[in-house]
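If you read the protein sequences in the order shown, they are chains A, B and C.
Mind the numbering: the first sequence is residues 1 to 313 in our numbering, read in order.
Mind the numbering: the second sequence is residues 1 to 139 in our numbering, read in order.
Mind the numbering: the third sequence is residues 1 to 546 in our numbering, read in order.
Hints were generated in silico from the structure; no laboratory data involved.
Hints are supplied without guarantee of correctness; some may be wrong.
To be verified - Straight-line alpha carbon distances no greater than 20 Å define the calculated PhoX-like cross-link-like pairs of lysine-lysine that follow: (1) C:Lys534 to A:Lys233; (2) A:Lys205 to B:Lys130; (3) C:Lys308 to C:Lys212; (4) A:Lys260 to A:Lys205; (5) A:Lys218 to B:Lys81; (6) A:Lys70 to C:Lys308.
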Amino acid sequence: MNKETLDQWIERLFDQDRRATAKLISWVEDDIERAYIMRSVLKQTGHRMVVGITGPPGSGKSSLVEALTKLYRDNDERVGIVAVDPSSPYSGGAILGDRIRMQAHGTDRNVFIRSMGTRGHLGGVTRSTADIVRLLEGAGYGRLLLETVGVGQSELEIMQIADTVVVVLNPGAGDGIQAIKAGIMEVADIFVINKSDLPGAERMKGDIEMMLNLSCGKTWRPPVVLTSVTDNKGLELLYDKIEAHQAYLLESGQRDQQRKERLHQEVWRLWEDKALDAFEIMWEATSGKLVNIDQEDPYEVAQRLWQERFKGG
Amino acid sequence: MKKTRIRVLVGKPGLDGHDRGAKVIARALRDAGMEVIYSGLHQTPEQLVEAAIQEDVDLIGVSVLSGAHMTIFPRIKELLKEQNAKDILLMGGGTIPEEDIATLIENGSVEALFTPGATTTEIVSWIEEKLSLSKGDVV
Amino acid sequence: MSNNFLSWKAKYDAQKERKGPFFTVSSVPIDPLYAPGHTADIDYERDLGNPGEYPYTRGVQPNMYRGRLWTMRMFAGFATATETNARYKYLLKQGQTGLSVAFDMPTIMGYDSDHPRAYGEVGRVGVAIDSLQDMETLFQDIPLDQVSTSMTINAPASILWAMYIVAAEKQGVPAHKLTGTIQNDILKEYIAQKSWIFPPDPSMRLITDIFKYAKDNVPKWNSISISGYHIREAGSTALQELAFTLADGFAYVEAGIKAGLDVDDFAPRLSFFFNSHTDFFEEIAKLRAARRIWARHMKEIYHAKNEKSLLLRFHTQTAGCSLTGPQMENNIVRTAYQAMAAVLGGTQSLHTNSMDEVLALPSEKSVQIALRTQQVLAYETGVTNTIDPLAGSYFVETLTNQMEEGAEEYFRKIDEFGGVLGAIRENFFQQEIADAAYRYQKEIESKDRIIVGINGFVNEKKDDKMDLLKIDPEVERAQVRKLTALKQSRDNIRVQTTLTDLKETAQGTDNLIPKIMDAVRAYATEGEIIAVLKDVFGEYREQAVF
Ligand SMILES: Nc1nc2c(ncn2[C@@H]2O[C@H](COP(=O)(O)OP(=O)(O)OP(=O)(O)O)[C@@H](O)[C@H]2O)c(=O)[nH]1
Ligand SMILES: [Mg+2]
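All chains should be modelled from the sequences, with the hints used to inform the complete structure.
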């Protein structure tokens with residue numbers, strides 16, 4: 001595709017054309033002219049904050065996204081949603097089912113829902129997620145919601161994209177303890193105990209509050225919000241807490257700090273990509289030399305080839 | 001410039017809840033390396049088309065068992081046209097009599113129809129073939 | 001195993017086996033031979049019992065088909081109430097005594113014919129019923145004290161049932177004389193069939209309200225038909241169908257008890273509905289095991305005193321999912337075997353699918369062949385001459401035991417989820433069924449399983465064209481016109497009052513059925529009543545699993 005056509009597509013994105021938005025997202029995801037596209041878009045975006053919603057499978061993340069979207073729509077705000085699901089490690093394919101839960105906004109032209117697979121990326125969030133969120137911002141979606149499945153370590157990545165991380169848990173079944181073990185405590189800016197219509201929600205809230213008492217030192221104490229999407233409870237409170245957190249980020253100067261850190265991380269990541277590409281090319285040329293299966297171990301081979309290549313350490 | 005993954009929207013229009021076929025297909029397409037956006041039961045043509053656009057899929061696959069195939073397929077096609085999204089292909093499955101299949105294919109309401117008994121392998125290869133031919137004009 | 005058996009086994013192993021695989025349609029492996037060793041632990045009195053005796057493995061009546069043949073009940077309904085009424089009159093003239101109503105999808109999902117969601121679906125897979133007016137038309141000149149009527153309706157069962165009772169009332173037939181069945185089984189909707197409207201809790205309330213109302217006012221009515229049919233159609237194995245259906249049954253028993261009823265007040269009116277697939281012996285074993293498990297649980301766990309509470313009475317339908325589009329006539333043969341399995345399993349009533357049901361509503365001709373299939377079975381094959389002829393078969397008794405053991409295993413798993421509702425919430429059933437369906441499909445594609453006309457014995461020549469029943473789109477327009485006219489002519493103030501009343505009751509805990517009947521009497525439509533209830537109860541949405 002020549003740059004002129006691409007520029008036209010990008011123009012259409014800024015004009016809030018949904019087809020163009022969708023196509024540009026695909027290209028970025030598929031690494032087609034990604035740098036070019038993002039350089040045009042990033043100049044004009046990055047102002048809106050991203051709310052990340054994470055938590056174990058089935059905890060009600062999509063239901064909450066739908067409910068929050070409804071509240072934003074009531075204020076006539078436009079909402080962009082990215083929902084990430086794991087890809088199959090075997091085939092690389094994926095079944096992305098979050099839309100089912102967001103039907104209420106399925107034909108609302110002011111809501112854009114995009115599902116994506118992790119495509120082999122372990123973090124629960126794909127490499128291009130951050131870029132895609134910005135594309136949605138560029139297309140005029142002021143509220144940005146990002147849903148990712150989180151079990152254990154993978155939440156850490158959402159922190160790099162989302163300004164406010166909402167961790168969704170459910171009452172019962174020892175979730176509280178697990179959450180703490182999995183290191184969720186550090187990630188959450190807001191805890192949600194969804195399905196609080198089921199027994200055990202208050203007790204779980206108590207458990208989490210207790211853990212929060214122990215982890216001192218932070219200036220923002222994550223609130224613990226009980227919600228029930230089925231009974232339509234606690235959703236406005238969640239909305240308010242998100243607003244409060246974002247206000248805090250701005251007032252405390254944390255937001256600028258975060259943006260600086262992210263810029264670093266992103267540059268590093270782009271370097272990584274470049275390095276990896278370069279290595280892959282080198283590897284093609286080198287891997288043919290791995291002949292001696294019986295006599296060398298991988299440490300030795302790696303060392304030998306590295307030295308041959310770079311004439312040194 | 002090559003797209004790296006085929007994306008397919010699988011949904012079920014109509015009021016009936018017979019999603020056995022849709023789910024088996026979704027799973028088979030995933031196992032063939034495709035990204036399947038599953039939008040579930042009771043989808044209106046409007047919902048399907050809007051989802052197809054937002055998700056930028058290459059193909060919509062719907063299963064119709066309610067007997068409403070003669071209204072649903074043409075309606076989806078018409079909406080795709082209205083949205084300038086004619087490049088999104090439409091594939092269908094379900095209990096559809098032979099003569100209706102012929103009519104729907106002939107008048108361009110659908111690219112392919114699979115009746116019970118079609119294998120998932122057949123469907124996967126149809127998609128792969130069809131998309132490798134047409135992908136050039138998409139990008 | 002005896003020496004005798006072992007020496008045969010040695011000889012068997014020395015010979016070549018043809019390419020199997022030897023497993024049932026549910027992928028259960030089958031041994032080459034069953035012998036006395038397999039059934040040595042069976043105690044006749046304890047495990048089989050005579051027909052009509054505990055644990056009812058051999059049948060629910062002492063005389064079974066020597067007394068009366070099963071009811072040949074063909075499911076029918078299409079287009080508008082007027083057309084279906086004519087079909088019913090025809091069927092009754094043919095000697096059928098039971099009617100079975102198929103509703104269209106909008107009715108099943110609680111939408112009136114003029115709702116945008118109903119577009120294109122009115123009168124297609126069954127009859128469209130919007131209000132009492134349609135119900136009156138449906139049974140015009142059919143004396144409701146002389147027929148028994150089965151209605152395949154679940155989420156909105158209370159409303160359609162109320163319409164039926166009021167329609168009878170208008171004919172001068174009091175409710176206590178009415179006989180019939182409503183399917184009313186919402187659990188299997190969440191598990192498999194997916195025609196749900198409300199979330200589980202209010203749905204269960206509607207069901208127990210029906211139990212209570214039926215007990216006091218419509219005592220001869222089967223207030224629920226606990227259905228495995230749709231679980232199987234969604235792709236489950238025979239064992240899953242058995243286990244999940246009975247687990248649902250126990251859940252309804254527990255709900256009834258929790259709602260303050262005595263188990264014997266409603267358990268005698270619980271009925272069941274199973275699928276009969278092509279794997280002959282597996283189906284028979286499933287049905288025999290079902291009776292035994294139900295009786296044992298009802299007696300030992302729920303302490304039912306009334307013998308009728310122990311009896312698992314059921315309707316069977318042959319497996320729609322086993323029918324093929326190509327070489328459609330082969331479906332007649334499949335259906336015949338399936339029907340025979342149902343009868344050898346001791347069914348109380350039977351629907352045989354028509355060969356063309358895979359593609360459309362059945363034509364009159366193919367319905368007739370399907371009915372004739374049952375008549376040949378009843379009058380020519382001789383399988384009805386003696387009761388439970390397969391009892392004592394080493395193979396069938398072994399399979400029956402395996403079914404019971406497998407079901408008990410599932411019950412334990414379901415208990416771990418805190419019961420059926422917990423297991424639904426955690427997608428346990430849905431995942432089990434999705435896996436089984438996918439496995440079955442893969443077996444066909446790898447040709448481990450041969451389906452004639454699909455992946456084996458495929459005809460080169462195209463099939464001859466079949467005459468299929470078509471529904472005229474004018475049906476929908478006519479139904480919508482009728483509805484519009486009704487909404488203008490009825491007393492709309494009364495409609496509003498009854499709906500407001502209903503809403504208040506829904507917010508409280510009183511029995512909903514009398515209020516629904518009031519609204520129905522005022523000619524409130526099904527859609528209007530559902531909308532009020534949705535307002536209070538909310539709507540269910542699935543979490544899809546693959
Ligand atoms: N009882 C109850 N159920 C809820 C509530 N919120 C969501 N659910 C149910 O929980 C299930 C999962 O909801 P989703 O919103 O799909 O959860 P999710 O976290 O997005 O799930 P994945 O994306 O699959 O990880 C659905 O069956 C919902 O109906 C709630 O507040 N109470
Ligand atoms: Mg989700």
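Status of the hints after comparison with the structure:
Proximity of Lys534 of chain C to Lys233 of chain A is assessed by CA-CA distance (about 17 Å); at most 20 Å being required, the pair is judged to hold. Between Lys205 of chain A and Lys130 of chain B the alpha-carbon distance is near 53 Å, which puts this suggested pair outside the 20 Å criterion. Taking the CA atoms of Lys308 of chain C and Lys212 of chain C, the gap is about 18 Å. The hint holds against a cut of 20 Å. As the CA atoms of Lys260 of chain A and Lys205 of chain A are separated by approximately 34 Å, the hinted pair breaks the 20 Å bound.
A threshold of 20 Å between alpha carbons decides the hint, and for Lys218 of chain A with Lys81 of chain B the separation of about 55 Å lies outside it, so the pair is violated. Annotation: proposed proximity of Lys70 of chain A to Lys308 of chain C is violated, straight-line Cα distance about 52 Å (limit 20 Å).
In this structure, the earlier hints numbered 2, 4, 5 and 6 are contradicted, and the remaining ones agree with it.
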